[in-house]
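Asker: With these hints in hand, go ahead and build the complete structure from the sequences.
Residues per chain, in single letters:
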Amino acid sequence: MTAKTSLMTAAPPPAAARAPEARTLVFCACALAVLALGAVLTQTIANPYVFFAAFIIVQQVALATGWNVLGGYAGYINFGATAFYGAGAYTGAFLLKAYGASIFLCLPAAALVGGGLGLLMGYMTLRVQGVYFAIATIALVVMMHTLVLNIDYLGGASGLALMPPEPPAWTGGQVQFVFLVMLGIAVLAVACARWIEISWVGRGFRALRASEEAAECAGVPTFRLKLSACAISGAILAMTGAPLVFYASFIEPETVFGLALALNAIAMPLIGGKKSWPGPIIGAVLLGSVQQAATITISSELNILLVGVVLIGFVAAAPDGILGLVDTLRKGRQ
Amino acid sequence: MTISRRRLGKLAAATGLALAAPAVWTTGRAQNRPIRIGASFSMTGPLSSTKAGLVGLQLWRDDVNAAGGLLGRQVELVTYDDQSTVAQIPSIYSKLVDIDKVDILVSPYGAVLSAPVMPFIKQRGRFMAGMFALAGNDGVKSDRYFHSAPWGPDAKVNWARGFFEVGKAAGCKRIAVLNADVEFAKVSAAGGKTAAKELGQEVVFEQSYPPNTSDFSAILRNLRGATPDAVFVCSYPPDSSALIRGLSEVGIGDSVKLFGGAMVGPQYAATLQALGSSLNGIVNFNLFVPEPTMVTPAVTSFLDRYTAIAVPEKLDALGYYIPPFYYVAGQLIAAAVTATGSTESAAMATWLHANPVKTLVGTATFNELGDWTERRVLMTQFQGIKGNDIEQFRQAGRQVILDPPALKSGELAQPFLKARGA
Amino acid sequence: MSDPILLVENVEKSFGALRALGPISVSLKAGERLGVIGPNGSGKTTLINCLTGTLTPSAGEVWFLGRKVTDLAPHRRARMGLARSFQIPKPFTGMSVLENLLVPLDHLHDVADPRARAMEVLASVGLAGRAGHEAGGLTQLELRKLELARALAGRPKVLIADEAMAGLSDREIDDVLAILERLNESGVAVIMIEHIMHAVMRFSHRIICLETGRLIADGLPDAIANDPLVQKVYFGEQARH
Amino acid sequence: MFLDQFVNAIGTGVMLGSIYAALALGLAVTFGLLHIPNIAHPAFVVAGAYVVAVGNSCGFDPLLVALVALVPFYVAGLGFYEFYARLFERRGAADTMNALTLFFGVSLVVETALLIKFGTNQQSVSVAYVGQSLTIGLLSLPYRLLVPALLAPVMILLLWLYLRFTHAGIAIRAVAHDERALSVSGIDPRWIKRHAFGIAAATAVVAGAALIIIGPVDPFGGRLMIGRTFAVVVLAGMGSLPGTIAAGILIGVSESMVSAFASPSWAPAVAFSILLATLALRPEGLFGAHR
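Chains as they are written, first to last, in the numbering used here: chain A, 1 to 334; chain B, 335 to 756; chain C, 757 to 997; chain D, 998 to 1288.
Just so you know, these hints were derived from the structure itself, not from any lab.
Backbone N, C-alpha and C define an ideal beta-carbon position, used for all residues, glycine too.
Heads up, a few of these hints could be off.
[Said to hold, decoys possible] From chain A, some residues computed to sit far from chain C (all C-beta separations above 10 Å): (1) 26; (2) 41; (3) 47; (4) 108; (5) 203.
[To be verified] With the C-beta cut set under 10 Å, the calculated list includes, among others, these residues of chain B facing chain D: (6) 383; (7) 543; (8) 553; (9) 583; (10) 599.
Answerer: Structure below.
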C-alpha cells in the first residue's frame, strides 16, 4: 500500500537520516497518491466486489493502526478493540437512524465518543500496572455489549437495519463511496500514527516503555501521554467502526463486539511489527490475504488455530514482527 | 490470485484437466457449464452449529447431479465461511455474484446474517432462497425471495402461534413470556405477545435475560409468583438447557399447564441427549419430527444418508431441524429452473409464486413475500423420554405433534407436572 | 549566603505500618555539593524519591526554588530543573543516545536548538562519538555517562546523582567525578548519594548521614568521617562486609 | 414472596460466588502470586470440563475423573510454564504485553483444538443429583450448584494449608514476595514457580468439573469467564486465597441480587463494574496489602 518509504523509520541514526521534512513531504505525497488512486479506481473498475473486499482490508489497516497507537507505541495491550469499534459503529447507526446523518457527521461524532471512552478507561486503570488495563478492556467489551442489548432504540439483540442516504453521484455507488471514506480514515490513521512516531510524542512513548520512572524524571508527563494514547487510539478505532452501518445497511451487537475483529486487531500489528507505522499495514494486508486463502484451502477451525499458532510463533520468535525480523537480518549482514 | 487458483482447482476436480485458463472456462459454452449455486455458511463462530445445513445442500446437489443435473448441466456449489459475522456478508455475496458469477443464491443462516444481503438482492434483482430468516423479507419486500422454512405468512407474529392455539384448547388464559437477549428470541417473544392477545390471552409476566445465563432460579421464582397458565419461552441452546434444569430444581408452580414454545436447543441431538427425561412434558417447536404423519421414504432416506455423514463429522446427529430445509431450498431451485428452463431470476420467481412445489417435507406454496402460504411449524410435546439415549428420539411417539391439526399425531399430556412424570 | 533552593521540612514516608523515612529536614543551597550516605535500607532512596516526586511524602513538605512542590508530579519538578540519575542506569532503549537526550529537551520550551544542545552535552561527558548509537548497546561506563548526560540536558539547577559510580573502576570513578565537578563549577547544585566513601568525601562540601530513616549527622566531610555515631552505624557495617 | 426471593437470591449468589472462586483459584496463584497474567486459565478450565465430560461418558463420576486428571493437568502446567519461562524469563523481565499475547494465542489454540476434536456441540455430564434440590425452609439449593459450590472452599482450604505449612508452599509464597530472597536461600525459584504453575493448572480440572456440573460447556465458554475470574482475583487482592472466596461470593451475590430485583439483562455487567470500580478506587483489592 503506502509502504514505499524505508522500513527503518524508527530511530534513524542522525548521520544516515534524510531531512525529516523531506521524508514527511514524500509521505504526504504518497498518502495523497493513495487517496487519488482510490478515487480513480472507483471510476475505472466496474466490478463492485473489488470495493466490498477492499473495504474490509482497508478497515483492517485502520483498525490495526488505531490499535497500535496504544498497543505498539505506548505498550498497553487492548483486548477490547471491539468496544471502541462498536461504540463508533453504534454512534454512526444512532445518528443515521435519528437524524439521517451523513457519514461525514458520523465520523467526528464517533471519534469523540471513542476518544472519550478511551480517556475514561485510561483514567480508571492506567495508574496501576498495564496488565490491569488489559483486563479492564475485556470487561469494557462486555459492558458495551450489555449496554447495546438493553437499548431498544438501537435494536438491541435484533440489530438495526438502516438505509444509508444516497452517496454523492460522482462516487458511482454506495460501496464505492464507503470504500473511499474508509480509505480516507485509514490514511488519516496512518498519518496520525506516523506523526506520533516521529515527533516528541513518540519519543516520549518509547521513553516510558523503556522506563516509566526515568521518563517521568526526565520531564515526560507519562500519565497524560498514556491518556492521550488511549484517547487517540480509541478515536481511531471508533472512527473505523462508524462506516459499518453505511457498508452493510445493518448492524447487530454480536458482530461488532465479536471476537474476530478484536483478535485481528491484536494479531495484525504483532505480525507486521508494532514499533513503526508500516508494521500494522503489512500485518493487516498479510493476515487479510492469508486468511482469505486459508478459508478456501483449509477448514475454518484450522484457520483460527493457525492464527493462534502464528500469534504464539511471533511472540516467541519475533516479538517485533516482520519489520523486526527484517531489521535483525539487515544488522546481521552489516 | 486466490480466485483463479480456486477456479482452477474446481475445474481440475470436475474435468480432470489441470491446465486450462479460467477465462476460457467462464465464458465457454454456456450450455455445458455447470449451474452454480452460491451460499455463505457459518462454518466458525457462535452460529457454527448451523453448518450441518451444508450437508443437506450437498446431498441435494449429489442427487440432482446423479439424475443428470439441471437442464442437462451439472450443479456446483460455491460456499464461503461468514464466521457468523455480519461484517463478512456484503463482501461474500458480492464475490458470489460479481466474481464467481453464481447463477442462484442461497441466503446465509438466519435473519441477522441475511439482513445485509436483502438490500443487495433487491437492488440486483436476484433470486434467493431464504434460510431460516424469520420474516427475513418483511423489511425489503423482494419478490424474488423464497423461504425454505415453513414459518408461514406474517411470521413475526404467527410462526409460533401453534403454541397459543394449543394453550387455548387447554384453557390457558394467563401467559408468561421469557426470552433471551438474542435476535430470534426477541422477535419471537414480541410476536408471541401479539398472538396471545389476539387469542384473548393475557400476558401476566415478561422477562428478558442475557444469553448464556446459567442460573434461572431467580427468574423462575418471580415467574412462579405471577401464576401463569402457560409459559412461552424463547431461548437459545445454552440457556434452554439451564432453564429446563432450573425447572426441575426450583419448580414452576401448579398453575402452569404448558411450557416451552420457542426454545432453540431441544431440536439438536446434543441438547436432547443431555436433557433426556427432563424434557418430558415440554411443548416446543420443531420443523420436522419422525412422527407417522410426517415420515416419508424420501425423508427417511435423506436422514439416513445425512446421519452417515454427520456423525463422523461431529455435526448434529439427528439433523431434523436444519439440514432438510437446505435440501428443500435446493428442491425449490430445481423446480423453478426445470419448469422455466432457465436460471433467470425473474422467471424463476414468477413461476414459484404461481406454482406449488413438492418438497422433502411437504408441498410448499408461496405468497408475494416468499413465505409459505401455510404455517407449518410444529408444536410437539416430549413424551415418555427415558434416560439419555439419543436413539429414542428417532422413534415415533417421543415428540408428539399437537399442532398444526393436519399433522397432529397425539394428544397433549397434562397437567404439566404430571406430564413431566413428577 | 543565599536561600536554600531545595528544602525538605519534616518529611515522613510510611509504607503501611512501616516507616521508611523521617521525620527529616534537609536543605540545599544553590551550587552546593551535598553528599548523602547511610547503610542499605537507611532511607536514602526513599528520600530521593520524595524529592523527585516519585513518592508523595506521608507528611511534611518539599520546597524547590521557593515553591511548594510536595504534591507536584515528577515531570513538573524535572522541568523546573530538578534532575536525577539512577543507581541502575535506565537508558531509553530502542532509541539512539542522541534521542535519549532529546526526550527531556522535548519538554523544555526555552531550548532553541535541541539537537545542538544535546550534542553539546554529549561532548561534555565524552559521548559525542556515540550519538548515533543504540542506547541499549553501551558499556557500563557509557551508560553511567548517558545517565548523567540525560539528567544534564535540560540545564538543571539541582542534580541528584544516585550511586553514579557503583561498579566502576577507580579510573572510571575519576572520570565521572571530573564531570560532576565541572558541572558544579557551572553552578549546578549536586546531591551525591554514594557508597564509595573516598569519592563522596573528596567531592562533597557537606555530608549528611541517614540511619533507619533518620538524619544522624550533618556536617563537613572531615567531621562526618570522625563522627562516632556515623562510624558505628556506617563504617562499622562497611568494615564487616 | 419477597422474603422467598431474597433468601434464595442470597443462597444462589453464595453458591455461584463460591464457584467463581473455584474458577479463579488457579489465576489467584499464577497472577496473584507469580504475577503471570495467564488469561488462558479459563480455557484450561474448559479443557478440564471436556476431560471430565469424556470421563463421565465412560461412566465415571465427574469429581472422580477430576481427581484423577489432577496429575496430567499438573504435568501439563509444568510443561507450559517451562515453555513460558524459556521464552520470557530468560530474556529478563517478561514483557507483559508479549506474555498476554502469548496466553491469548494459547487459549485460542486450546479452544480450537477442542472444537476440532469434539465439534461445536455442547458437552455435558449426567449425574444423579442434577435436577434435584436441597430444601431448607424457604431456601432451596439445587445440587447442580451446591456440589460444585462446596468444591471451592475445600480446594481453597487445601491450597491455603499447603502454602502455609509445607516447605514448597512457603517457598511459593516467598517467590511471590521476592524472588531474590529465595535464590539466596539456595532454592531454585524457577523450580518453585513451575511447581506453583502446575498446581494452578491442576485446579483448572476441578474447576472444569464444577463448570460442567452446572451446565453444558462449549469450547468458547471460557471467554465469558475471563473477566469474572480476573474480577475475583483483583477484588480479592493479589494472592489472597481466603479473599478469593469472599470476593467470589460478593460478586455472585451482587449478580443474583441484580437478577432477582433489577433485571437479569444487566447481570453480566455486574462483575465488570465491580472490577472497574476496584481498579479505579482500590487497586490493591479488598484483602491485599498496599503495594
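Asker: State for each hint whether it applies.
Answerer: To see whether the hints hold, each was checked on the structure:
{"no.": "1", "hint": "26", "result": "holds, 21 Å"}
{"no.": "2", "hint": "41", "result": "holds, 38 Å"}
{"no.": "3", "hint": "47", "result": "holds, 44 Å"}
{"no.": "4", "hint": "108", "result": "holds, 29 Å"}
{"no.": "5", "hint": "203", "result": "violated, 6 Å"}
{"no.": "6", "hint": "383", "result": "holds, 5 Å"}
{"no.": "7", "hint": "543", "result": "holds, 4 Å"}
{"no.": "8", "hint": "553", "result": "holds, 6 Å"}
{"no.": "9", "hint": "583", "result": "holds, 4 Å"}
{"no.": "10", "hint": "599", "result": "holds, 9 Å"}
Hint 5 from the list above is the single one not met by this structure.
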